[in-house]
Amino acid sequence: MRVEYINPFVEAAFNVLKEVLNADVRRGELYLKSTTMPVLGVAALVGLAGDVEGRVLFDMSKDTALAVASAMNGEQLPSLDELGKATITELANMITAQAVTKLHDLGFKFDLTPPALFTGENMEISDHEVEALIVPMEVPQGKIEINVAIRERA
Amino acid sequence: MTGNEGPSVVGTAERKDRIDAINFKMVTFSLSGKDYGIDIMNVKEIAKAGKFTFVPNAAPFLRGVYNLRGDIIPVIDLRVFFHLPAEKKDEDALESTLILRIGDHIFGVVVDNIDKVVGISSAAIQPPHPIFGDINIKYISGVVENQGRLYIILDVVRIFSPKEEEKPRVVAETAALSAPIVIAEPSEAYDRGSSATSELDFIKETLFALKRFGATELNDGWLNARFAEWKSMKKGSDLQLRNIDDAEQFLEGFFSPYTATFWSDEYAASVQSILPDFSSKTIQAWNPGCGKGHETFSFACVLKNRYPDVRIKIWANDNDLLSISSAPNMVFDLEDVPDYCREYMSKGKNGYGFNAAIRDAITFEYHDVLNANPFPELDLVLARDLLSFLSPSDQSRVFGDFSDKMKSRGLVILGKNEKLTDETDWKSIGNDEVSAFIRA
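Sequences listed follow chains R and D, in order. Under the working numbering, the final residue of the first sequence carries the number 154; numbering is consecutive throughout. Under the working numbering, the final residue of the second sequence carries the number 1440; numbering is consecutive throughout.
Chain R on its own, in the form it takes in the complex (with noise of 0.2 Å):
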């Protein structure tokens, strides 16, 4: 993955999740993955498109989700209904567009497509042909682990 990609994401990814939390968020070390890799039970998907190809994963569990969820609208919520769900899209949503904001301004051209939810046990994410680059966050919910696989379009 290129290396101008990288900071974007991770920045835009301890900004945003700072400020709908309001709390302490700590980054854990980057690292690179490949091939399938197991899900936590909640991920939201952004897929991105124009000079690269790829997409980005928001993974966490259950339990963390509901929690987050909960924190961004100021109210516990009884399940991940649908306004859990839509707070976890919408996370995904402002993480990958300040992303894709910031490397904008340094020259590279990214749209993204809307967010998709998966929510289930055991799912499996396979990507053929490119690493993942993994940035691990941890917040008082829990941990959140974004999964970013990009690459250049040849």
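Hints are not guaranteed to be accurate.
Listed next, the in silico DSBU-like pairs over lysine-lysine satisfying Cα-Cα at most 30 Å (straight line) [unchecked claim]:
1. K1235/D / K109/R
2. K109/R / K1292/D
3. K33/R / K1405/D
4. K85/R / K109/R
5. K33/R / K1211/D
What the hints contain is simulated information worked out from the structure, not anything from laboratory work.
Since the structure of chain R is provided, determine the placement of chain D on it from the hints.
For chain D alone, coordinates are given in the frame of chain R:
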């Protein structure tokens, strides 16, 4: 050890008798789950001992001194001595201790568990093999199987030779000093050869463990030459690499010139001289393991000089996030930049950087070559000293990727001391400084 000399002089009938006779007894014990033995003639007694008195400034394997019915004896922890994991016990807990008598000296030795006394025939003892990697081979006098268990017999005379007093100062030195006392002159050429091979094998294993240096055909030539040099440097005494400093010293001469800095004018010229003509209008190159990018920038300038009218595209990557992150926007002092690069520099806010033509030619990526390598067809691969630092199986996998992506007349540039041995597919076109191979 006497059993090894026997067979040639003793007749078959006598030999058969000897195999059945028990003429060697050893006390067996365990260290981190493996079985070991010590010649019973060296063992004075066994004891449960504890409350050793700590001795300041002594080597870490010296647990302290112990009062054995009025005699003060040093107590050595064999697990620490051999760098094996030891279970931490309470201060007051009693440890299984063997009391050894070697010459006039008495020592205590702490082990995990003392097992029993096993009697065997000394003819059944087999010479040690480097595969028993936990313990340096020079401290093993042999291995023997008894009732389904394999015992490694320690050469305590060699471990606790009379030079013991000097041990606390420098471990390596003592081993070197004690070695000449016990090593018998190898009488046959065969012995000499096999022990050299196992020494080298051992070094190879250590290099991989300490520095992830994978010894294969690729670097065999250098390794053999370096081993010979190492031997004469160490004068045949302690050859093994004990720690990361030793390993680094051993590998000192391996690296290609101008690693992690700009290539000098001469080196750049010698790379340029071997670059073949390409007919296509674009040249695609891959530079895995580019570090901070000095190598990639040098290479880009060389390519621009060699092929002025061709579009150049270099994919440069590294799995070290810190190094690679700084690569795209590096700034330099003009005097640090060699002549052949200067025409591609432009002045920015903070200093000189490479101009857009060079920067656009290079894509720096945070990428691990062991993951999928989705690159287009390549004309050039620049991978100096990269493959050697992968495990042997990863080496062949990554090199497989090189050749899969490579066009038919493609060129691979490897580290100075890395050579491809497959001469039917890859023809060497390098020189003394540059190791380069073109696809035949």
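Checked hints:
1. K1235/D / K109/R: Violated, at about 64 Å.
2. K109/R / K1292/D: 26 Å, holds
3. K33/R / K1405/D: 22 Å, holds
4. K85/R / K109/R: 29 Å, holds
5. K33/R / K1211/D: Holds, at about 23 Å.
Going down the numbered hints, you'll see the structure goes against just number 1.
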